[in-house]
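S.K.: Protein chains in written order, with the working numbering: chain A, 15 to 116; chain B, 30 to 146; chain C, 51 to 449; chain D, 9 to 183.
Since the hints were made in silico from the structure, they are not lab data. The hints are all genuine.
Here's a subset of chain C near chain B, in silico, CB distances under 7 Å, partners left out:
| hint | residue |
| --- | --- |
| 1 | Phe-89 |
| 2 | Val-92 |
| 3 | Lys-140 |
| 4 | Leu-165 |
| 5 | Leu-182 |
| 6 | Ser-225 |
| 7 | Ala-396 |
Glycine included, C-beta positions come from ideal geometry on N, C-alpha and C.
One-letter residues, chain by chain:
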Amino acid sequence: MVPLSWYLIFAAALFSIGLFGVLSRRNAVAILLGVELMLNSVNINLAAFWRYGDVSQMAGQVFAIIVFAVAAAEVAVGLALVISVYRRRNTVVADEINMMKW
Amino acid sequence: MSPWIYIGLFFIVGLIIPVGAIGFAWFLGPRKSNPIKRTTYECGIETVGDSWVQFKAQYYIFALVFLVFDVETVFLFPWAVRLGQLGLFAVVEGIIFILILLAGLVYTWRKGMLEWA
Amino acid sequence: MSFWNDPLKIAADWLMGIFTGWGMPEIAAQILIGFLGVFLLVALLMVLDIFLVWVERKVVARFQDRLGPNRVGPWGLIQPFADIIKLIIKEDTTPGGADKVVYNIAPMLSMMSVLILWAVVPLAPKIIGVDLNIGALYIIAAGAIGTLAIIMAGWSSNNKFALIGAFRQVAVMVSFEIPMLTMLLIPTIFAGSMGFNAIIEAQDIWYVFLAPLAAVIFLIAAIAELGRAPFDMAEGESEIVAGFNIEYSGMKFGMFYAGELLHAFTFGGFMGILFFGGYRFFGLEQVSAFLAVAVIVFKAFIGYWIIMWVKYTLMRIRIDHMLAFNWKFLTPLAFTLLMVTALMNALLAGTSPWIYTSGMFLSNVALGWIALEVARRYSRRERARVEGVVTTSRSTLVG
Amino acid sequence: MTGEQIIFLLTALFTLGSGVMVVTSRNLIHAALWLVSALFGVAVTYALLDAAFLAVVQVVVYIGAIAILFIFAVMLTRKDMRDQGPQMNTNWWFGALLSVLVFGGLFFLLQGWSGLSRTASPIPPGFDSISELGNALISPDAYVLPFEVASVLLVAALIGAVYVAFNPRSGDTRK
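For reference, chain A alone in the conformation it holds in the complex:
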């Protein structure tokens, strides 16, 4: 049987990889890819706590499903923003998207 710690450490590692992607990629779409990894690692934790806690308490799975919805909404709006910026500024590099700066 796999102990709970393995799942948690796995999720933490995935979260860190996603965080690295978010912090270091230049392309805005790639940043969103990193955010997806982070959301997934959170979901692994939720599912693991559901399984290792009281199975009849469905909170873990319900929250995981809500996270799916949030991820879908995030991708929809995030990519729409990227496309909108691309149409106006012809770039998807996050450093160059600085209209709000001054």
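Go by the hints and put chains B, C and D onto chain A.
M.R.: Leaving out everything else, chains B, C and D in the frame of chain A:
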């Protein structure tokens, strides 16, 4: 034994068979490549420009609407499984859920986003 | 429990005895037996697939008043094997500039996405790969992998036609996935389970009588999902030739082709399972498991034949019409049907089966009629508007 | 080491390797495809956790919809698709350092928690997690409000995304 092992076996066998077939054909088939053979097929005309052309934004719109509907419809599956036991209240909840969803579709429609041209 | 009722268990027990006799641990023997069973099923499917090539060619020939393959072997039965030999010894070209890894993975994924569907298909009361409680969603999940394979093939070929074809095909497939998902909900509501075995066991009355409109919408969505005519946007001899698989040759093309045929057959089977009682046919499935398998294969062939009939009768639809049809007609109709079914299911709960069935049937027919009437009114008005525009523009020209 | 542990470790390695490829691939389509394989690994993890519904939904939603949307978005912003320049920004080392620190911190925190070596009790026979999920999602004293709010959220996202990406002032060719 967990049923997921069978699913995993199906995935493995489902990969082995095409890999085997393609590998077998690769093993038996001739391999005499030349630059003409490796050109891009466009009915005999020389390719102009990059093949990664810019796409109509409409494809993205349909994918977007699909994404939202897909996630919501998937949510309805646990609802549908329990519907028989839960009576009218659950039905009303589901109908509200679907109506909110359809409101989004109507908005997209009215904005003219579902038009192709 | 005799061999005729549960042959798989008998065979598995027998093999188990042999393997453990060799000193194999029980769990390893179990996995090995599972592997052998899966491999046998998939191998049978591939043989069936080869046979389907012949069926398809014969049937299309009859639809077009031709004879079809009739030279190689009796009734041309050996023809598909000749085709396969040709595919095997053909050169496998890769276009320059293609993304080699993605290009080679795509056909394998495409075939795999079809083969894994059979993990949840119940062939007889006891013969089912996995009786998961999520069978209905599993179909969609496998379809998602197929969609991905198409987009990979189109992108990696480094060809404009391939990429355009892939985009069109994916747009159509994902759009029609919504009505399909919705229609999967309706048998789920009736049976109270997403597992296919449970859905079949609950069908004392075939669901096609409870929800004829759902069956029709499911069929339309399935045909679009398969990418077959009249929804074959991926191909077009006069514009993008073969679509996403244009650069593929030899066995890799064969994988796409065989995958498409088997996919169509599989969805014929799903029609049978979801709406026509699966392996059940007037108690025949109780007699022997082999008869049950025969029943479901027969139903799958009927479904496959209907899909072919549609393909070779109707003409292609333009992509904008196709997507407009889906989003402006089919999707709202599917969700309305879902709401009506859920409501009727709650209102008619506890009544006798006859009232329940006729109530469901009548509500379906009424909804279908209303939808057609609305569509007719709308298209009449639209036609009048277009003609009006033409007239006014002409009059302005004259004026 | 049991079979389940071996499968878990293989899945975790596969997922983390794919994750690393997602954040380091130069080609964005490749990054999106690596994301698909990472998400598939997560789906296998759900299957290992006996969360059948989550596993299938993961494939349907992430691979079937979100990955497709990503690929479409990359195609629409194609100028940078074969960007030969650096894909990392200038202070990527800071991001790397911070990620390692976050992982180290989480690891350290987990070490101090007593429930860490807990093992799962077997699923009780007759327990159907999908029915339970259905109950939880629609019974008024459980999660019916999040269920409805999720619908509102998604519709809001749809409307917002459609408006942001394609509003008529953005120089779109549509009228």
